[in-house]
Each structure stands twice: as C-alpha cells, then as structure tokens.
Amino acid sequence: MKYYEFGDKTGRYVGRTEKYDVYASTLAGIGKDEDDHEERTPGEIYFNYGPSAGGLRESVNFSILTPGEAIRDVIINSGFKRRNIRITGDSISDVMLKVERINGFHSASHSIAYALAVEDALNVDNSDLNDARIVEIELERIRSNIDVIKGLCESAGFAVPEKQLLLLREEVARIISTAFGHRYYFSVNGINSVDGDFSRITLNSVEKQFRSLYDGLLSSKIFLDRIQENGIVSDPLSTGPAARAANFRYDARLDSGSLNYGKYSTVMESSGDTFSRFLVRAEEILESINIIESYDIKKIYRKNRMELNGSGEGTARIESPAGDLFYYVKINEGRIMDIQMSSPSYLNMRNFRYALKNGNIFTDFFFVWESFGIWISELEVRFQ
Amino acid sequence: MGKLRHLDIGTGGEVSVNWFINGVKKRIKTEKLDKYNLMYPSILEGVSDYNCPTEAINNGKWNMDKCIFCRQCDLNPTGKQDTYSIDQKIPGIFKKSLYLYPVDSGTCGACNVEFTTLFSPQYDSSRFKIFMANTPRHADALVVMGVHTEGMEQILREAYDAMPEPKIVIGLGACALSGGIIGRSAMEKYDIRIAGCPPTPASILNAIIEARGKK
Ligand code: SF4
Ligand code: SF4
Numbered sequence: 001m002k003y004y005e006f007g008d009k010t011g012r013y014v015g016r017t018e019k020y021d022v023y024a025s026t027l028a029g030i031g032k033d034e035d036d037h038e039e040r041t042p043g044e045i046y047f048n049y050g051p052s053a054g055g056l057r058e059s060v061n062f063s064i065l066t067p068g069e070a071i072r073d074v075i076i077n078s079g080f081k082r083r084n085i086r087i088t089g090d091s092i093s094d095v096m097l098k099v100e101r102i103n104g105f106h107s108a109s110h111s112i113a114y115a116l117a118v119e120d121a122l123n124v125d126n127s128d129l130n131d132a133r134i135v136e137i138e139l140e141r142i143r144s145n146i147d148v149i150k151g152l153c154e155s156a157g158f159a160v161p162e163k164q165l166l167l168l169r170e171e172v173a174r175i176i177s178t179a180f181g182h183r184y185y186f187s188v189n190g191i192n193s194v195d196g197d198f199s200r201i202t203l204n205s206v207e208k209q210f211r212s213l214y215d216g217l218l219s220s221k222i223f224l225d226r227i228q229e230n231g232i233v234s235d236p237l238s239t240g241p242a243a244r245a246a247n248f249r250y251d252a253r254l255d256s257g258s259l260n261y262g263k264y265s266t267v268m269e270s271s272g273d274t275f276s277r278f279l280v281r282a283e284e285i286l287e288s289i290n291i292i293e294s295y296d297i298k299k300i301y302r303k304n305r306m307e308l309n310g311s312g313e314g315t316a317r318i319e320s321p322a323g324d325l326f327y328y329v330k331i332n333e334g335r336i337m338d339i340q341m342s343s344p345s346y347l348n349m350r351n352f353r354y355a356l357k358n359g360n361i362f363t364d365f366f367f368v369w370e371s372f373g374i375w376i377s378e379l380e381v382r383f384q
Numbered sequence: 385m386g387k388l389r390h391l392d393i394g395t396g397g398e399v400s401v402n403w404f405i406n407g408v409k410k411r412i413k414t415e416k417l418d419k420y421n422l423m424y425p426s427i428l429e430g431v432s433d434y435n436c437p438t439e440a441i442n443n444g445k446w447n448m449d450k451c452i453f454c455r456q457c458d459l460n461p462t463g464k465q466d467t468y469s470i471d472q473k474i475p476g477i478f479k480k481s482l483y484l485y486p487v488d489s490g491t492c493g494a495c496n497v498e499f500t501t502l503f504s505p506q507y508d509s510s511r512f513k514i515f516m517a518n519t520p521r522h523a524d525a526l527v528v529m530g531v532h533t534e535g536m537e538q539i540l541r542e543a544y545d546a547m548p549e550p551k552i553v554i555g556l557g558a559c560a561l562s563g564g565i566i567g568r569s570a571m572e573k574y575d576i577r578i579a580g581c582p583p584t585p586a587s588i589l590n591a592i593i594e595a596r597g598k599k
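So the sequences go chain by chain: A and B.
Mapping of the first sequence onto the working numbering: position 284 corresponds to residue 284, and the numbering continues sequentially without gaps.
If you want the working numbering, it's the 1-based position in the second sequence plus 384.
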C-alpha cells in the first residue's frame, strides 16, 4: 500500500467504506455517528416522497419534516435499491465487470480507481497510462457536470436549456462511444490497460455549445434568483464540487498520489449555495476541456487481457465528478478477497441534508437535490 | 485558466436571453433512429464456445437477455439496434399515446440515464407518441430496470397494482431481464424484453414501436 496505511485519522476526512473511515492517507475504524435529527414538534408532519416517484431518477425515500412550507429536516432512506454484489474469490478481471456497474454513469472513475488499487497491490508500473486515464475521467466529468446543470434547469422549469443540455449530454455520450466503443466505458479499463482511440475525442463543438448555454444561464435573472442563497452548506466534512463551492480546497487531483495531474488549478467558490455548486460544475467543464486538450493524446490503446496472479493489498483515491472516490483491495493469488469502496455520494448525501434543512422551503427541494449530483447506485452497494 | 466568467455578472445591464428564440435558432435536432450506430450493444451473430461470464452462451448459442455485451467473446456485433424480444403486443388502445412509468429496482444508473435520453432532442420520443408518466396511476407501461432488490420488491408490485388496465410490463437491460453480472432478475415475466447493458435509446424505441404495430 503505497499511499495508505491503517491507523489514526490523518488529514481531511474523505468518506466511509463498509469497514473503515477514510482520511487523506489513513484507514481508521468507523467512528460513532450522533443522531442530530430534529425532533418533531406539535403541528409538524413528515411528508413522504419516494422511493418511486416521477421526479426521482433513482429509488430513494425522503421523509421531510415540515410545519407546512419550511423544511425543518429530512430523514433519508436510500436503502431500498441496495444491491448485494458477490466478489469474494472472483478473479481480478471478473470483479472489474462488476465494479464498472457500481455507478454506470461514473464507470470510468470506478473502473480506473479499482485498477489503480489492484496495480498498487501487485506493484504494477502503470505510469504509461497516467495521462490516458486522466483524459477518460475528465471526459466523464464533462458529461456528469452537464447532467447536473441539466437537472437544475429541469427543476427551474427551464425547458429550452434543459433540452439543449440533454442534447449536449448525448453528444458527449457519442464522443465517448466513438473513442471507447461503449457509451458508459464498460469493458474499456483493465489492469495496466485501456482500450480506446484517443484521437477520436474532439470537444470544440461541445465547448462552443456549452459556453453559449452557460452565458445564457448567467444572464437569466429568474434562474439565478432560484439558485442563489438556497441550500447553503459549509462543512469541513465535504467533498468534490460541493466542498469547493464552499471554499474548501479539497480535490483528489491535488492531494492524491494515485494519478499525477501535474500543474493544475482548482475551481473555487465561497458561498456554499446551489449557485456556487452550479458555478463550480460549469467552470469545471471548461477546465476539464483544458486538461484534455493539454494532453492532446492521439494514440490508440488496446486492451491487455493478461490475468495477474499475485497477492497483496492496495488502495487508490481519485477525483470522480462528484468528489473523492476511494478503493481498497485485498488480493490472494489473483483472487479478490476484499473490496472497500468509499464513494463521494456518502458525504454529499450528508451535506445535502444539512443544506436542505438550512432555511429552505418545499420549492427549493429539487434545486438542492440536483446540485449535489448524488448517485444512490454507488451509495447502496454491499460486497459479499 | 482565465478569470471566472461569472464575475462579470451583476455589473449592470443584465442581458436577457430569449430562450424561445434561442431554441428555435438551434433548428431541429431530432434524428432518424438509425442515424447513430454503435456496435455494443447490438445484435451479435455467430457461434462461440467462449466461457461467458454471464452464461449468455449456451451450447454455442447466444442468449441476448443474459448478455452484458462485455466484448470478450468472438461473437460478431452487427450494429443492429434491435436487441429486443416481444412476448406480448401492446394493446391497440395505446396507439395514440403510451405513457411509461420507470421503476428502478436496483440499477447502476446507466439504464436510468438511457431511459431519460429517450426524451432528448435527438430521440424525441414524443414524436412516436411515447411519454413519461409521473405516477403509476397514469401509466400504460411499467418500465422495470435493475436487478431484484429486497427493498424494491414490494414497491414494484405496488406500482404494477396501481396501474389501470390494460397494462404492460417492459424489462429494460440485462439486470432486469436476467440479473446480468450483478444479481437476479427483477421480475419473472415481461411483455417486452429489451436487452443491453444498458440498451441503447434506439433499441428501446424500436422495441416499443414494433410492439405497438402499424397504425
Ligand atoms: S459479449 Fe455477451 S455473450 Fe459475449 S462473453 Fe460478453 S456477455 Fe457473454
Ligand atoms: S443492465 Fe447494465 S446498465 Fe442497466 S442497470 Fe444493469 S448493469 Fe447497469
């Protein structure tokens, strides 16, 4: 384990796996959580929303504590769609097929983080693939951030930009499938290998279209009014764009050794509201385009299907579109004996709740929810 | 990176954007369903004795519902976007409008995203009179995605029971149909089975259009 050790907490808190609390460079035992939910007072009700409802893309239930219009607190039950995934004793490559499907929309991030952890465990020199993997993750970030902003427009009933962002999301999906043969990067990443034609990635049209939409949204007073000063949260226990929107310079691209981004500047905002999260997501689209273009990879990579047989423990932490994504693997003679994964949706869900109960009313709900870009799929997975 | 662009806002003279004009200027982006093609997922051809991770190859034969299109075997992709089977035609009453209600039983999220892509300008499902319902009470077809999960079993049943007759059930993706590589299928029986991991938007629309039959 090159980057992590078991021990006391050190550095910032990154998230939680089934067995560990994950910090910047240590894995510690799980700490005790205090229940800080608000008590219901006379006249208040719990309003139930989900787990299956038209406005929700994934299955999740919210019990919203309210005296009528204001949201005082929310109890979140994300466990309805919990998937138990069997991995123990499977080969490294069979487990990859499952890891890719933990969060299909962020599959490049998950599959690369898993590959990096395996390579760490087996001391595989992977430096040749550093840039290609960064390009994949940044392209995934572009699509994911477009999707978050689309969600905000949908919440505002802004049908034209919403549809234009859907159009753009689909254009990026097609760029991904043209370069990598699959719209969600399935079967693209392997141990010390990548399968893709990087010369097929061209982002000029995406950049042009996005800039024009972004300018339009920044000039739309109604849109800005809806997202400014709503869902404010500023908590040191946060991750990804939500942390950076609240002035915490947290970014695995800066403080993790798993991938080397070289010189890179983080997009920061300070208000911690939905507007700041929107700005960080939007600016990061442009920054990701810069990063991809700066590498200017024109190579075709082909997958290496070699099975590895070693033993060891390894870790990796990368910046997925929503924040820190951590993997730990334990391998015995080429078989996976344990995986511990911490996804950014864990901290984002926690902060979504704090943001929502911070002086919002019912009509703010969807803006706050969409601005965190949470995926239940990666939150509710148990490895067996 | 240059100066953050938003710093220019609020400095007076708000430019108002007419989104309607903006939308019209973009012109029609809706496409024919065969305009964009890809190989995975699409119909696979040939015979293989590959040791498929999901047992989608049995005695050399391919079982589309089990295939996760992992690209490991030597079956040949055709690019044909009709990875579906129709066990029950859609009742004629739905020719003028068909409302879909999606239920996520236990997905990775990709099937959900492909489902929402049906409503993108490129696919614009409303031209085929296919719409999304916000509640099962207003739905004609239940679209089931993801593997079976304990927590969603009853919710899925309740959603089906809440739908008015006649109603149909569409299984979307390897997880829902067979469990794929993740678990077991979400429901025992579907009227329309759309294979893929995830199925492409074109396959989903082609399946519904064929199951509904010509006018
Ligand atoms: S492509 Fe389909 S049939 Fe071939 S090995 Fe993969 S899952 Fe099996
Ligand atoms: S069928 Fe494939 S894409 Fe769809 S939910 Fe299952 S793993 Fe994800």
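Source of the hints: derived by calculation from the structure; they are not laboratory data.
Yeah, the Cβ is synthetic: ideal placement off N, Cα and C, and Gly gets one too.
Accuracy of the hints is not assured; some may be wrong.
[To be verified] Covered stretches of chain B (chain A as the covering partner; in silico rule of three or more C-beta atoms under 8 Å from a C-beta of chain A):
#1 442 to 454
#2 462 to 469
#3 532 to 539
#4 561 to 574
[Stated by the list, open to error] Not close to chain B: a few residues of chain A, all C-beta gaps over 12 Å, as computed:
#5 Lys19
#6 Arg40
#7 Arg169
#8 His182
#9 Tyr185
#10 Lys303
[To be verified] Just a few of them, taken from the derived set where beta-carbon distance is under 7 Å, the chain A residues facing chain B:
#11 Lys9
#12 Ser25
#13 Thr26
#14 Glu38
#15 Thr41
#16 Pro42
#17 Gly50
#18 Phe105
#19 Val160
#20 Leu166
#21 Ile175
#22 Arg200
#23 Lys330
#24 Arg335
Quick rundown of the hints versus the structure:
Three residues within the 8 Å Cβ limit are the bar, and the region 442 to 454 of chain B against chain A gives 3, so the coverage statement holds. For the region 462 to 469 of chain B, the assignment as covered by chain A is violated, since 0 residues bring a beta-carbon within under 8 Å of that chain's beta-carbons and 3 are needed. Three residues within the 8 Å Cβ limit are the bar, and the region 532 to 539 of chain B against chain A gives 5, so the coverage statement holds. Under a criterion of three residues with beta carbons nearer than 8 Å to beta carbons of chain A, the stated coverage of the region 561 to 574 of chain B is upheld, 4 such residues being counted.
Every C-beta of chain B lies more than 12 Å from that of Lys19 of chain A, the closest at about 22 Å, which supports listing it as non-interface. Every beta carbon of chain B lies more than 12 Å from that of Arg40 of chain A, the smallest distance being close to 24 Å; the non-interface claim holds. Not every C-beta of chain B lies more than 12 Å from that of Arg169 of chain A, the closest at about 7 Å, which undercuts listing it as non-interface. Not every Cβ of chain B is farther than 12 Å from the Cβ of His182 of chain A; the closest lies at roughly 6 Å, contradicting the non-interface assignment.
Taking the minimum C-beta to C-beta distance to chain B, about 10 Å, the non-interface status of Tyr185 of chain A is violated against the 12 Å cut. Under the 12 Å C-beta cut-off, the non-interface status given to Lys303 of chain A relative to chain B is violated; the minimum distance is some 9 Å. Annotation: interface hint on Lys9 of chain A violated; nearest CB of chain B at approximately 31 Å, more than 7 Å. A least Cβ separation of about 28 Å between Ser25 of chain A and chain B goes past the 7 Å threshold, and the interface hint is therefore violated.
A distance limit of 7 Å between C-beta atoms decides the matter here; for Thr26 of chain A the minimum to chain B is near 30 Å, and the interface restraint is violated. Given the 7 Å rule on beta carbons, the hint for Glu38 of chain A is violated: about 25 Å separates it from the nearest Cβ of chain B. The interface hint given for Thr41 of chain A is broken, as the beta carbon of that residue sits about 30 Å from the closest beta carbon of chain B, more than 7 Å. Taking 7 Å as the C-beta cut-off, the interface hint given for Pro42 of chain A is violated, the closest approach to chain B being about 31 Å.
At its closest, the beta carbon of Gly50 of chain A sits 9 Å from a beta carbon of chain B; the interface hint therefore is violated under the 7 Å criterion. A least Cβ separation of about 5 Å between Phe105 of chain A and chain B falls short of the 7 Å threshold, and the interface hint therefore holds. With its C-beta approaching chain B no nearer than about 4 Å, Val160 of chain A sits inside the 7 Å limit, and its interface hint holds. The criterion of a C-beta within 7 Å of any C-beta in chain B is met by Leu166 of chain A, whose closest approach is roughly 4 Å, and the hint holds.
The beta carbon of Ile175 of chain A comes no nearer than 12 Å to any beta carbon in chain B, farther than 7 Å, and the hint placing it at the interface is violated. Because the closest C-beta pair between Arg200 of chain A and chain B is about 13 Å apart, greater than 7 Å, the hint is violated. This hint is violated: Lys330 of chain A has a C-beta 21 Å from the nearest C-beta of chain B, more than the 7 Å allowed. For Arg335 of chain A, the shortest C-beta to C-beta distance to chain B is roughly 15 Å, which exceeds 7 Å, and the interface hint is violated.
Taken one by one, the earlier hints fail for this structure at numbers 2, 7, 8, 9, 10, 11, 12, 13, 14, 15, 16, 17, 21, 22, 23 and 24, listed in ascending order.
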